[in-house]
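Order-wise, the sequence lines are chains A and B.
Heads up, the first sequence is in the numbering used here, so the first residue is 1 and it goes up one at a time.
Heads up, the second sequence is in the numbering used here, so the first residue is 1 and it goes up one at a time.
Simulated from the structure, these hints should not be mistaken for laboratory data.
Nothing false has been slipped in among the hints.
Chain A regions said to be covered by chain B (calculated; three or more residues, Cβ under 8 Å):
no.	region
1	52-66
2	121-128
What follows is a set of in silico ranges between Cβ atoms, one per label pair, in the way DEER data are often shown:
no.	chain 1	residue 1	chain 2	residue 2	range
3	A	H42	B	P95	36 to 42 Å
4	A	G225	B	D59	43 to 49 Å
5	B	G54	A	G273	46 to 52 Å
6	A	A233	B	P95	40 to 46 Å
7	B	G43	A	P232	50 to 56 Å
8	B	P97	A	D99	28 to 34 Å
9	A	R177	B	R192	53 to 59 Å
10	A	G273	B	G43	34 to 40 Å
11	A	P130	B	P97	17 to 23 Å
12	B	P97	A	G287	24 to 30 Å
13	B	R192	A	P130	34 to 40 Å
Since we're looking at a predicted model, the values are computed, not measured.
Even glycine gets a Cβ: it sits at the ideal position worked out from N, Cα and C.
Number of protein chains: 2
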Amino acid sequence: MGSRPATEEDPDEAFVVGTAAASGGALPGGFGIGDDTALLDHGELVTTDTMVEGVHWDDRLSPADVGWKLVAVNVSDVGAMGGRPRWATLALSLPSPLDRPWVEAFFAGLGEALREWGVVLVGGDTTRSPGPRVATLTVGGVALHPIRRSGARVGDELWVTGKLGRSAEAFFATNPRPAALAWFRRPHPPVRFGAALGEAQLASAMLDVSDGLARDLGRLCRASGVAAEVDPAALPSDRPLAEAVAFGEDYELLFAAAPEAAGAICSLANMSGIPVTRIGHILEGAGPRLRGGASWPAPRFDHFPEASR
Amino acid sequence: MGSRPATEEDPDEAFVVGTAAASGGALPGGFGIGDDTALLDHGELVTTDTMVEGVHWDDRLSPADVGWKLVAVNVSDVGAMGGRPRWATLALSLPSPLDRPWVEAFFAGLGEALREWGVVLVGGDTTRSPGPRVATLTVGGVALHPIRRSGARVGDELWVTGKLGRSAEAFFATNPRPAALAWFRRPHPPVRFGAALGEAQLASAMLDVSDGLARDLGRLCRASGVAAEVDPAALPSDRPLAEAVAFGEDYELLFAAAPEAAGAICSLANMSGIPVTRIGHILEGAGPRLRGGASWPAPRFDHFPEASR
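This is chain A alone, in the form it adopts within the complex (with noise of 0.2 Å):
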């Protein structure tokens, strides 16, 4: 989700053929940008999210869990490029006659996830459709020091802020822990913190783990020309390997930093209260890999397909 990268590995399929197709006479704008976010002047950051009802959403989520998510996705983005999300605009399609009880408790949950985060809502647009609920929402942010994806160093290390693998446990297991339902259905992105990060100069590259590990974290390494060993004993999840990694919905930060920056990360993490974990380092060479040589995992759990997301 977010402001996907165009490429072929990553295919966000009707963005790739669209700006082949306008290419005549060249799109004007950015479609290559691989971030999280837009990166505007002067650190402005925008990016925007669509959930659309049945393909990203089910009755495991409430009206109001989908509110708060949408919100929570978007922030998601703007914390992982070291940016605060200022502002907000929603677009809704919904069925008429208006159904008064989904759409309060859907404002409700959105008004709750907009204070959690600070975010001003400040203009929108409903429509009727005929079709199935869709949400698109778009928040711009302010970033004093942008952390984009493609920073990491080799002799870098790796780290990963929260826990994996707790939606995919929601998603997967036949009895999901509550502390996993309740992260599924109401994400909480340490937003904050990735923007602290990013003021305080502390990381070279970031993303949000939106799709899982196995896919996010090969996005870092090609956007920086670099390989990463993982050591799988060290990744904060008490999952399987390809829950933990290969899902995604974690809505935490990966990041890489310097070695001499891992005090004041602890530091930072502590005062923030957001637990965070060194899980590798970064390598010459292309890609993602796991100590001790086992082949990494492919982002087999894709719930839905990678086009359609």
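Based on the hints, put chain B in the right spot on chain A.
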């Protein structure tokens, strides 16, 4: 369309319901904003508009027309605030598998319009949807001197750009003229002229005529706390009154200005190649009326229910 005010008279019903629901803790932000775009700090503007297949377009529009129109309706909102559009993000929900010819044509039209108005596409999100195609564009811009709807003063003259009723003709006439069809499919709002009016501080209040003069002049009067008298004979339209004022999709500018600004407005219009017409003036009181005492036309050409657009 656009950032709709949440008032009883002009309900964006879902937003009204949602705001009420969320107001326990007070939904952060500017739901009450009554302008075409939200106004952030430092003259930053942001607006969002969604088009749903089967609701906002049908076979009369080609996929390229849809792409063009999505840009046009958004930049129209920015120009109507006296601003210049700068960037856009696109959220696109499409059926699976991807209809490549549709996507190519859509992006071709979108790209044409982005280039026309100098807008950079900075990011986006594509999602699969089992429902109709849904396209949301969010456009950011900047205004040196933003023009709101609320600044009209008693004694001001009332102006409109271009012609009214072309989209109505395209929509209702048995044999619409090519110029009407062209405007309906590919409206060309006078965005730079709106920005120039703002920069020269020539208009006291402005909005774009997206829902018809009947409705949009009512909005200007309400926001400014004034009445307006319109000379029906002065309206720049060769259509019946109801089509000229009550259908919408004109994407022309409606603005109020002090009488002493008339000369400068005409000069600017001449330089810009934008026809302008004085259609009436601002009075004490409330709401619009017609010179001669005929009642103000109801916005009865509601091709889609108001709450759903």
